[in-house]
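All chains should be built: construct the whole structure from the sequences, respecting the hints.
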Amino acid sequence: MATAPAPDAAISVQRLTKRYGALVAVRDLSFSFCPGEIFALLGPNGAGKTTTVEILEGYRAADEGEVRVLGLDPIRQGRALKPRIGLMLQQGGVYPQIRPLEALRLFASFYADPHDPVALLDLVGLREAVHTTYRQLSGGQKQRLSLALALVGRPEVLFLDEPTAAMDPQARRATWDLILAQKRQGVTVLLTTHFMEEAERLADRVAIVDRGRLVALDTPDQLARQSAAREIRFSAAPGLDTAALADHLAAAAVLEPEPGRYVVEAEVSPTLLARLAAWLAERSVLLRDLHVERRSLEDVYLRLTGAKSEE
Amino acid sequence: MRTATPLAQMLLAQTSVEFRLLLRRGESILVTLVVPPALLVFFGAVVPLPSHAESGRPVDVLLPGVLALAVMSTAMVSLGISAAFERHYGVLKRLGGTPLPRSVLLAAKMLSVLAIEVLQVVLLLAIALLLGWRPAGEALLAGAALLLGTAAFGGIGLWMAGSWRAEAALAGANALYLLLLLLGGIFVPVSSLPGPLAAVASLLPSAALADVLRYALLPGAAAPNLFPALAVLVAWAILTPLLAALTFRWE
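These protein sequence lines map, in sequence, to chains A and B. Mapping the first sequence onto the numbering used here, position 94 (from 1) lands on 94, and the numbers just tick up by one. Mapping the second sequence onto the numbering used here, position 20 (from 1) lands on 20, and the numbers just tick up by one.
Do not rely on the hints blindly, as some may be mistaken.
If you only want the chain A side, here are some residues facing chain B, beta carbon under 8 Å, derived [to be verified]:
hint, residue
1, P83
2, Q97
3, I98
4, E102
5, L106
6, S109
7, F110
To give a feel for the contact side, a few chain B residues facing chain A, derived at Cβ under 8 Å [to be verified]:
hint, residue
8, M10
9, L21
10, R24
11, E86
12, T98
13, P99
Hints were generated in silico from the structure; no laboratory data involved. Positions of the beta carbon are idealized from the N, C-alpha and C atoms, including for glycine.
Below, the structure written as C-alpha cells:
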C-alpha cells in the first residue's frame, strides 16, 4: 500500500516507477521533504536522477506512483505550479543568439514579481558577459545564466539538475553560496549531483539512487556515520604480521594495500591507538603517518553503488 | 497565491525576442530579406525571363511570384529551421518549464514571422515601384493570400521543426525551398510547365499562393482562374498546421 503523501511536504514522491520500453529508469522510488530543505539526489549516470526530476517538473508522466510538488500534480496542475517553481536543465535550454540580459528580461516577463534582471546578472557574475551571446559563453557561464533564469521568478521550489557540472572550482563555490542563500530565504531545493562534496556541503538530506532504486536516504553526517567502521591508516616498515596485529587489536581487519602502508578497520578509541603503538614498540617498529579517518560520504556512495554494479 | 502575469505582457516580450533573434541570424536575413529582393531585381531588370518580357513590364509579372517566395522563405525556411534548432538546444523544453503557455509561444512565433513579412513586402514593393510597377488590383485579396500562405508554409516549417532532427530540418527546408522556387510556380507560371508536371505543380502550395497573388495583382493580364488556386491554398493552410500540431514533439 502506498502511504498518503505528507500534506505539508514541499515535494513528495510515492512509489514512483518510470519505464522507457524495457528499461526501468525509476523503480518504486519514495521520498519526501519539507519546505526550506535542500535535498540531494546522488547517484551514478543512468541512476534515474534526471528522470525523477523531470517527472517532478512536469516534463514526463509517471508510469506508476504519485508525485506532488507544493501539493500539486506537476502535469494536471502545471498551470498553477509553473509560476512557483524554477528549474535548471542539465544543459542547454537557451536561445543560441540571445544575450544574458535579454534572456533574463524575457524570463522575468513570465512572472508576477520577478527579481531585477540586472541585479541577478551581477549576482551570478555575468556582468562582464553582458554583450556576449549565449552560444559564445563558456560552459560555466552558461550554467550560471541557467541558474539565474531559474531564480528570476522568485521560486518557492528550485530544481537544479547537476548545477555545477561545467564550472571551475571558484565558480562552483560561488554557486554553492548562492544556493545556500536561497535556502536561507526559505526556498526548497532539489539538487542532483554526482559531486560528493556538493551533496555534503549543501544538502540537509541525501538520497543515494542506483539503477532507479533508492539505496540510502539520510543526512550526509548520518550516512557517513552509519557505515562508520572507522579506520586508521598508518605507515611503518613493510611486511608486518597483519593477522597478529588484527588479533591484538580485536580489529575487523588489518590490511597492507601497499608495502609499508596499513589500514586498520576498527572502532577507533584511545585504547586502540595505545595498543597499536605498544604492539609496534614491542617490535621496535617506528610508527609514521598515523591517520584516524572518518568515512566520507564518498566512501558510502562508492560502497552502495559500486557493490551493486558487480552483481 | 501569486497572481498570473498578463498573457499580453508575455506575448509582447516573447514576440519581441523572437523577432530580434530572427534578425540576428545571418542565414535568416539572407533567405528572407536578401534572396527575394535580389531575384526581383535580377529577373526584373538585369536578365528578364523570356516569358515575362512578352506581357509588358517584367516586374508586373514577377512581383506576385516573389511575394509568394518571400512568404515561403520566412514562414517555412526561417521559422522551420530556427524552431528545429530551438528544439534541438532544449529552448522549447526550457520555456515549457516557465508559466509561458505553449499557445502564447506559438502566437509569438507567428507574430514575429508576420512582422518580418511586413518588412519584406515593404522592401519588395519599394523595389517594384523603382522598376516601374504601379499599384493595381485587389490589395485585400492579396493580403488574405499572404496570410493563408503563411499558415500553409508555417505549418510545413513547424512540422519539420517538431518531428525531424535539426540537421534534417535544415537540409529539408532548404531543399524544398529550392525545389518549389524552380518547379512550384513561383517564377515560371504552372501553365508554362510541360503538361504532366503542370498538373502536379498546380497542387503545390507555392503555385496556389503565386496564382492567387497573380490573380489579385495582375488584373487584365493572362491571369489564372481564382477558385481552383484558392481552394488548393486554403486546403494547405488547414492541413499543414494540423499536421504540425499532431506530430510536434517539444523535446
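Right, here's what the structure says about each hint:
1. Against a cut-off of 8 Å between C-beta atoms, the interface hint on P83(A) holds, since the closest Cβ of chain B lies about 5 Å away.
2. Interface hint at Q97(A): satisfied, since its Cβ lies 5 Å from the closest Cβ of chain B, which is below the 8 Å cut-off.
3. Residue-level restraint check for I98(A) holds (minimum Cβ-Cβ distance to chain B is 6 Å; threshold 8 Å).
4. Hint status for E102(A): holds, given a least beta-carbon distance of 6 Å to chain B, under 8 Å.
5. Interface hint status for L106(A): upheld, as the beta-carbon distance to the closest one in chain B is roughly 5 Å, under 8 Å.
6. Of the supplied interface hints, the one on S109(A) holds, with its beta-carbon coming within about 4 Å of a beta-carbon of chain B, less than 8 Å.
7. Of the supplied interface hints, the one on F110(A) holds, with its beta-carbon coming within about 5 Å of a beta-carbon of chain B, less than 8 Å.
8. Of the supplied interface hints, the one on M10(B) holds, with its beta-carbon coming within about 6 Å of a beta-carbon of chain A, less than 8 Å.
9. The closest approach between the C-beta of L21(B) and any C-beta of chain A is roughly 5 Å, which is under the 8 Å cut-off, so the hint is satisfied.
10. Given hint, R24(B) at the interface with chain A, holds; its Cβ is 5 Å from that chain's nearest Cβ, closer than 8 Å.
11. Evaluation of the E86(B) hint against chain A yields a held restraint, the C-beta minimum of about 7 Å falling below 8 Å.
12. With a least beta-carbon distance of about 5 Å to chain A, the hint placing T98(B) at the interface is held under the 8 Å criterion.
13. At a threshold of 8 Å, the smallest CB-CB gap from P99(B) to chain A is about 4 Å, leaving the interface hint in force.
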